[in-house]
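Visitor: Sequence:
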Amino acid sequence: MEKNPRNNLIMSGERLDDLQNGYYVIQNPDKFCFGMDAVLLSGFARIRKNEKVLDMGTGTGIIPILLRAKTEGKHFTGLEIQEECADMARRSVAFNGLEPEIDIVCGDIKEAAEIFGAASFHVVTSNPPYMIGKHGLTNPHMAKAIARHEILCTLEDVVGQAAKVLTDRGRFYMVHRPFRLAEIFQVLTKYRLEPKRMQLVYPFIDREPNMILIEACKGRNPRIQVDPPVIVYKKPGEYTEQILKIYDMI
Numbered sequence: 001m002e003k004n005p006r007n008n009l010i011m012s013g014e015r016l017d018d019l020q021n022g023y024y025v026i027q028n029p030d031k032f033c034f035g036m037d038a039v040l041l042s043g044f045a046r047i048r049k050n051e052k053v054l055d056m057g058t059g060t061g062i063i064p065i066l067l068r069a070k071t072e073g074k075h076f077t078g079l080e081i082q083e084e085c086a087d088m089a090r091r092s093v094a095f096n097g098l099e100p101e102i103d104i105v106c107g108d109i110k111e112a113a114e115i116f117g118a119a120s121f122h123v124v125t126s127n128p129p130y131m132i133g134k135h136g137l138t139n140p141h142m143a144k145a146i147a148r149h150e151i152l153c154t155l156e157d158v159v160g161q162a163a164k165v166l167t168d169r170g171r172f173y174m175v176h177r178p179f180r181l182a183e184i185f186q187v188l189t190k191y192r193l194e195p196k197r198m199q200l201v202y203p204f205i206d207r208e209p210n211m212i213l214i215e216a217c218k219g220r221n222p223r224i225q226v227d228p229p230v231i232v233y234k235k236p237g238e239y240t241e242q243i244l245k246i247y248d249m250i
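Each residue of the sequence shown is one higher than the one before, starting from 1 at the first, in my numbering.
Just so you know, these hints were derived from the structure itself, not from any lab. Among the clues, some could well be false.
Said to hold, decoys possible - Simulated pairs of lysine to aspartate or glutamate, EDC-like, Cα-Cα distance not exceeding 16 Å:
| hint | residue 1 | residue 2 |
| --- | --- | --- |
| 1 | Lys70 | Asp248 |
| 2 | Lys31 | Glu101 |
| 3 | Lys196 | Asp168 |
| 4 | Lys190 | Asp157 |
| 5 | Lys196 | Asp157 |
| 6 | Lys70 | Glu101 |
| 7 | Lys218 | Asp168 |
| 8 | Lys31 | Asp87 |
| 9 | Lys31 | Asp17 |
| 10 | Lys234 | Glu208 |
| 11 | Lys190 | Glu241 |
| 12 | Lys74 | Glu99 |
| 13 | Lys245 | Asp37 |
| 14 | Lys164 | Asp206 |
| 15 | Lys49 | Glu72 |
| 16 | Lys164 | Asp103 |
| 17 | Lys74 | Asp108 |
| 18 | Lys52 | Glu101 |
| 19 | Lys218 | Asp248 |
| 20 | Lys52 | Glu72 |
| 21 | Lys74 | Glu101 |
| 22 | Lys234 | Glu194 |
| 23 | Lys70 | Glu51 |
| 24 | Lys31 | Glu14 |
| 25 | Lys110 | Asp168 |
| 26 | Lys235 | Glu194 |
| 27 | Lys110 | Asp157 |
| 28 | Lys74 | Glu51 |
| 29 | Lys164 | Glu99 |
| 30 | Lys49 | Glu101 |
| 31 | Lys31 | Glu83 |
| 32 | Lys52 | Asp103 |
| 33 | Lys52 | Asp168 |
| 34 | Lys164 | Glu111 |
| 35 | Lys52 | Asp108 |
Stated by the list, open to error - Ranges of calculated distance between the beta carbons of each label pair, as one might list FRET restraints:
| hint | residue 1 | residue 2 | range |
| --- | --- | --- | --- |
| 36 | Phe179 | Asn7 | 35 to 45 Å |
| 37 | Glu72 | Asn221 | 23 to 33 Å |
| 38 | Arg169 | His75 | 28 to 38 Å |
| 39 | Gly22 | Leu181 | 31 to 41 Å |
| 40 | Ala94 | Glu183 | 10 to 20 Å |
Virtual Cβ for every residue (Gly too), placed ideally from N, Cα, C.
Given the sequences, and given the hints that come with them, work out the whole structure.
Guide: Right under this line is the structure:
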């Protein structure tokens, strides 16, 4: 049997994960792998035909790849500060033959407006680090720590740069933790990104929410819609139909 040349894109210690939508992503479990939060964000974001999208802190490129599969957006760009992650993301894009539709740029979120220019995107998405100070345990592996803790960028860095690179009436989509909701709203409105839609995610129907999905629009009037909640599990190990649909499994 002839060897698939795409397999040369997978390095030692890495694995190829099937996204169940015709696409694959290369990941290294010793570094950082995408979680459900990225998948939920890709299902929450609304991308219109011919729109240009920037994913800030793209990691291994999972959100641009999922959005390319789910939407009719024109072009997707992933911005990632860690070269090792950016390299994996580029190879995932190449493995899927998506180079015309997806670019991966290695760079600092804090310099997004300098890299891309003002008003360059219709939509910005981000799955930023959730933890500040001593919230959570800092991961000893730096790649994972950077992804989970505000080491290289803060919430305000992400929101401030998103506001700069968005067109007027552009939309910002973010997944975060509910315990920071008051701060999130304060920072969004500071940068004229008006919260327009939110959705809470509950691990089980009788538990507290552990994630929140937010849509904010640049330069819009105040008015927010609260979507029905997402419940992840029916019981331990068994996803709800909501989650299965988001994962394109039914």
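Visitor: Next pair to validate is Lys164 with Glu99; report whether the Cα-Cα distance is within 16 Å.
Guide: 26 Å, violated
Visitor: Given the hinted pair Lys196 and Asp157, is their alpha-carbon gap at most 16 Å?
Guide: 20 Å, violated
Visitor: Do the beta carbons of Phe179 and Asn7 sit within 35 to 45 Å of each other?
Guide: Because 43 Å falls inside the window, the suggested range holds.
Visitor: Is it true that the CA of Lys190 sits at most 16 Å from the CA of Glu241?
Guide: Roughly 37 Å separates the two Cα atoms, so the pair is violated.
Visitor: Assess, step by step, whether the Cα of Lys31 is no farther than 16 Å from the Cα of Glu14, and give holds or violated.
Guide: 9 Å, holds
Visitor: With the threshold set at 16 Å, check whether the alpha-carbon distance from Lys52 to Glu101 stays at or below it.
Guide: Roughly 10 Å separates the two Cα atoms, so the pair holds.
Visitor: For a C-alpha distance cap of 16 Å, please report whether Lys70 and Glu101 respect it.
Guide: The given pair, whose Cα atoms are some 13 Å apart, holds under the 16 Å limit.
Visitor: Do the alpha carbons of Lys245 and Asp37 lie within 16 Å of each other, as the hint requires?
Guide: 15 Å, holds
Visitor: When you check the alpha-carbon spacing of Lys74 and Glu51, does it fall within 16 Å?
Guide: 5 Å, holds
Visitor: Using the beta carbons of Gly22 and Leu181, state whether their distance is inside 31 to 41 Å or not.
Guide: Given about 36 Å between the Cβ atoms, the range holds.
Visitor: Take the C-beta atom of Ala94 and the C-beta atom of Glu183, compute their distance, and say whether it sits inside 10 to 20 Å.
Guide: 38 Å, violated
Visitor: Are Lys196 and Asp168 close enough, with their CA atoms no more than 16 Å apart?
Guide: 15 Å, holds
Going through the hint list in order, the structure does not satisfy hints 2, 5, 11, 14, 16, 17, 19, 22, 25, 26, 29, 35, 38 and 40.
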